[in-house]
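Peer 1: One letter stands for each residue in the lines below.
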Amino acid sequence: MAEINRDDVAHLAKLAHIDMTDEELDRMAGELAVIVDSIKTVSEVAGDDVPATSHPIPLSNVFREDVVGDTLSNEEALLGAPDNADGRFKVPAILDGE
Amino acid sequence: MADLIHLSADALAQKLAAKEVSAVEATQAYLDRIDAVDGAINAFLHVNTEEALLVAAEVDKARADGDALHPLAGVPIAVKDLIVTRGQPTTAGSKILEGWQSPYDATVVKKLRAAKMPILGKTNLDEFAMGSSTEHSAYGPTRNPWDLDRIPGGSGGGSAAAVAAFEAPLALGTDTGGSIRQPGAVTGTVGVKPTYGGVSRYGAIAMASSLDQIGPVSRTVLDSALLHEVIGGHDPHDSTSLTDPVGALVEAARLGQVEGMRIGVIKELQGEGYQAGVLTRFHESLDLLRSAGAEIVEVSCPNFRYALEAYYLIMPSEASSNLAKYDGVRFGLRVVPDGAPTIERVMGATRAAGFGDEVKRRIILGTYALSAGYYDAYYGSAQKVRTLIQRDFAAAFEQADVLISPTAPTTAFKLGEKLDDPLAMYLNDVATIPANMAGVPGLSLPGGLADEDGLPVGIQLLAPARQDARLYRVGAVLESLLEESWGGPLLAKAPAIPGIAGGK
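Sequence lines, in order, name chains V and U. Using our numbering, the first residue of the first sequence is number 1, and each one after it goes up by one. Using our numbering, the first residue of the second sequence is number 1, and each one after it goes up by one.
No wet-lab data here; the hints were simulated from the structure. Just so it is clear, the structure is predicted and the values come from calculations on it, not from any experiment. Among the hints, erroneous ones may be present.
To be verified - Computed cross-link-like contacts, DSSO-like style, restricted to lysine-lysine with a CA-CA straight-line distance of at most 27 Å:
| # | chain 1 | residue 1 | chain 2 | residue 2 |
| --- | --- | --- | --- | --- |
| 1 | U | Lys61 | V | Lys14 |
| 2 | V | Lys14 | U | Lys95 |
| 3 | U | Lys95 | U | Lys116 |
| 4 | U | Lys493 | V | Lys40 |
| 5 | U | Lys325 | U | Lys414 |
| 6 | U | Lys61 | V | Lys90 |
| 7 | U | Lys116 | U | Lys61 |
| 8 | U | Lys110 | U | Lys61 |
| 9 | U | Lys418 | U | Lys95 |
| 10 | V | Lys40 | V | Lys90 |
| 11 | U | Lys95 | V | Lys90 |
| 12 | U | Lys360 | U | Lys414 |
| 13 | V | Lys14 | U | Lys360 |
| 14 | V | Lys40 | U | Lys360 |
| 15 | V | Lys40 | U | Lys418 |
| 16 | U | Lys116 | U | Lys15 |
| 17 | U | Lys325 | U | Lys360 |
| 18 | U | Lys61 | U | Lys95 |
Build out the structure end to end from the sequences listed, making use of the hints.
Peer 2: Structure below.
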């Protein structure tokens, strides 16, 4: 099983959209290495014949009637937004200007 | 009316119904208590004075008018700040949601409002419920009413401490790996994780969706049963909600009989790693149950030894996905770096500033476990372990009606003691995690004080899925036998809390 190093953590932090300082990356890499080391044997416990459990109490086909339910109004949905305009969430530029 | 706050929720409800006391008096007594001691405890992140008194006044008027009322109408309650409430902030213990107000009520909150239970406020927790000590709250730790230098457990340390310090008769918690039961154990209170799907999770801010469960926190087993019946039942808003009726839990708690029941001691959840004083009290509880006519048997759950590592793959994986929505777009904090940043840079800066260390650790760990090339080895393998744990439970429940273990391996540790050692912190949940992995219900009740430190020990009961009633039946009998041996409730032995005004 693979180890986890500082470069991995830097890559994962980028994927997870969390900016990290050099000091944070160093510390996090050390802490995660210990945690990963303690959980890596999990793959050796169960064989191929053991099915995976995704939910503790299996349910299937949970449907409801196709009618409008008690949804939030436009104003309510925008109430906690950091910025909004014209009834929509407003965000900074998606693409770089260049 | 200082004695009002020491009543159980059941006793208070009876006094309210008999008009011996008004709901406003009871609510005010609790608000006064919060004002007097919460500066020392820090159980509350928000106190909901105005609305709580308004609801209490409505109850008093309805009672005076002879209107039909729910049995718990006018009994106040505190709500863990992971559960959304209209008209009050919900922070999840995180800076990323500081000042945020939900535009809707959680289903359990709607049910509290329908029963006219005044909501006293929102209780402290580890950020996004990630922790076992409440030290990971962005708003400072909660302190254990038994010893202010010690942790109240976590993540629901606020709810447990509030109930233990007589700042509320009841509270709501959430339990993903023990966050209701372990705080109950270390504060000398009762906490219940219902069967997965037995109580709606709609409006509980999600950490790990396949493990999370809302449940009751109280000072007595019967009080938890009363609250469980209020909040339980099917909710179409939660697609994992079970359609079964909630069951006769209060009746089970009042039965007072365990004769002939088979109670299984889990071989793997004792011995090495468990504090001597915890085990002494645990064995006393077994003796008491035996004396009441229960049959004590030993069961083996060999795969429980892998539960902790599987949990620390499944939980962060699901959490990393659930927490992706805190990106500074639809709610909460937005941090805009200098220049003309793109949304991607805003997200990176927002999440860096808004999340604490433990949340970041779990997001990175979850992102790692779910990434290409590792998914099968980690998340997939952990899900297989989950199947093995379920099989262990199934086999154990063929030999026993209820299982029993210590709730936590130790009593409350000192604040700061395990903060720099995440792995040591995770070990607190070793006995509580299997129930979440299998979806079965669990209850923790006070089992006495450990000889070496005089701090509360928790006894955990586990039942098969959908058999929550058995927990209340056995729990209430054990509680009454223990209280008989102590000459009163365990919390009567707790030291007085120095008065430091809350000022929230």
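Peer 1: None of the hints should be skipped; say for each whether it holds.
Peer 2: Hint check:
| no. | hint | in the structure |
| --- | --- | --- |
| 1 | U:Lys61 to V:Lys14 | violated, 57 Å |
| 2 | V:Lys14 to U:Lys95 | holds, 21 Å |
| 3 | U:Lys95 to U:Lys116 | violated, 31 Å |
| 4 | U:Lys493 to V:Lys40 | violated, 44 Å |
| 5 | U:Lys325 to U:Lys414 | violated, 34 Å |
| 6 | U:Lys61 to V:Lys90 | violated, 46 Å |
| 7 | U:Lys116 to U:Lys61 | holds, 12 Å |
| 8 | U:Lys110 to U:Lys61 | holds, 21 Å |
| 9 | U:Lys418 to U:Lys95 | holds, 22 Å |
| 10 | V:Lys40 to V:Lys90 | violated, 42 Å |
| 11 | U:Lys95 to V:Lys90 | holds, 21 Å |
| 12 | U:Lys360 to U:Lys414 | holds, 24 Å |
| 13 | V:Lys14 to U:Lys360 | holds, 12 Å |
| 14 | V:Lys40 to U:Lys360 | holds, 20 Å |
| 15 | V:Lys40 to U:Lys418 | holds, 22 Å |
| 16 | U:Lys116 to U:Lys15 | holds, 16 Å |
| 17 | U:Lys325 to U:Lys360 | holds, 14 Å |
| 18 | U:Lys61 to U:Lys95 | violated, 40 Å |
The structure fails hints 1, 3, 4, 5, 6, 10, 18 (numbered hints given earlier, in ascending order).
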